[in-house]
Amino acid sequence: MKEDQLAGELREADAAFGPAPALPEDLHDRVVRRWRRRRVGRRLSVAAGLVAAVATAGTWLSLTGPTKTTGLPPEGVHPTASGIRALDAAADARLATVERMLVLGERRRALGAAAPAQAIDPVEAVRRQVDRSAYLILLRADRLYQVTGRRDAAIATYQQVIKTFPQTRWAEVARQRESTLQQQTGDTL
Amino acid sequence: MTDGATHTMSLTGRQVGLDDTVAARAARGESRAFAQIVAAHQGRVARVVHRLLGWPDEVEDVVQDVFVAALKSLPSFRGEASLPTWLLAIAVNQCRSHQRRQLVRQKFLAAARRLAAPRAPRTAGSRAMDREKHQLVRQAVRRLPLRLREVVVLHYLEEMPLEGIARVLDLSRSAVGTRLHRARKRLAEDLSGRFEE
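Just so you know, the protein sequences line up as chains A and B, in that order. For the first sequence, numbering that gives the first Met the number 0 gives the first residue as 0, with consecutive numbering after it. For the second sequence, numbering that gives the first Met the number 0 gives the first residue as 0, with consecutive numbering after it.
To be clear, the hints were calculated from the coordinates, so they are not data collected in a lab. Take the hints with a grain of salt, since some may be wrong.
[Said to hold, decoys possible] Below 27 Å or equal to it, Euclidean Cα-Cα: the simulated DSS-like pairs (lysine-lysine) are:
1. B:K184 with A:K1
2. B:K132 with A:K1
3. B:K71 with B:K132
Kindly produce the complete structure, drawing on both the sequences and the hints.
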């Protein structure tokens, strides 16, 4: 097929198809609207890309941050001498922290145990002390009579308990024992 | 058919200067100037797009893309080529992009819409034979790779000289001649075999 014949066939085929499809009368307005839409789309894409980049960077920093603050090397990396020293220092620091926490715990427990004792009523404490003194004097009177046989001295000591500590239970005991000694004295006489 | 082409090719220096002035005004953001460009060149752009894409039923989308790209690139238009040549180059690029998108779409949808059936039913007589012959010619052109179809459309249908085609496609004159020779050879092989049937 010669070039002229080919050109003729092409032009005939093109002409037979007719003109190009009609375009809308407001083509210019449509073009401008499409251009604006694409410009806005490009800006939104850029903004979305920036947001994604910031989010990615934030995630990366949050994942890698703790490793940097603790001095621990990332997984899969063999520590060097300086890395080992850093690990030792980190371990010592943690042990010291644990020891401090244990001491504080002991102190808190001791304070917790001591608190009930300190909470005793002072009046009750005085009462206990008075009761103890009365008992000791009563005990001395008993020993005067039982060990040395000094009845009069024992009766005088019982009377001292009755006079000095009349509100205690030992005053009643002293009264009974004085009465007993008095009876023994009367029987003897 | 070739009125537009001859009109464009016979642009006087005064017309070219007028186009450059309008383009400069449009580049400065004058909407009216860009509307003038669209109104003056939409016919030829639509015709070239129609032929380059293989005579489809719808070309408005691609034509809009051509003028959107032109609006975007107007600030960089320096007037080294005439406004019609510059618009033709944009149209060729947009047709290439459209063709790529169509190929991707066809791969996924498995729809050969570009090679659709003939629009007119077959009728008896010599007129029907002519229609069939024209259909075969158009199908042969459609089967050409786009880079060969471009030179065929611009040379034989738009009646542009090789120098003008070289400016539009940003090629050397000899490269355009080579492509045209290959396109002619393939078309001749394709059509001669079918016409003999």
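Each hint, compared with the structure:
Annotation: proposed proximity of K184 (chain B) to K1 (chain A) holds, straight-line Cα distance about 10 Å (limit 27 Å). With a CA separation close to 17 Å, the supplied pair K132 (chain B) and K1 (chain A) stays within the 27 Å bound. Distance check on the hinted pair: K71 (chain B) and K132 (chain B) sit about 42 Å apart at the alpha-carbon level, beyond 27 Å; violated.
In this structure, the one hint that does not hold is number 3.
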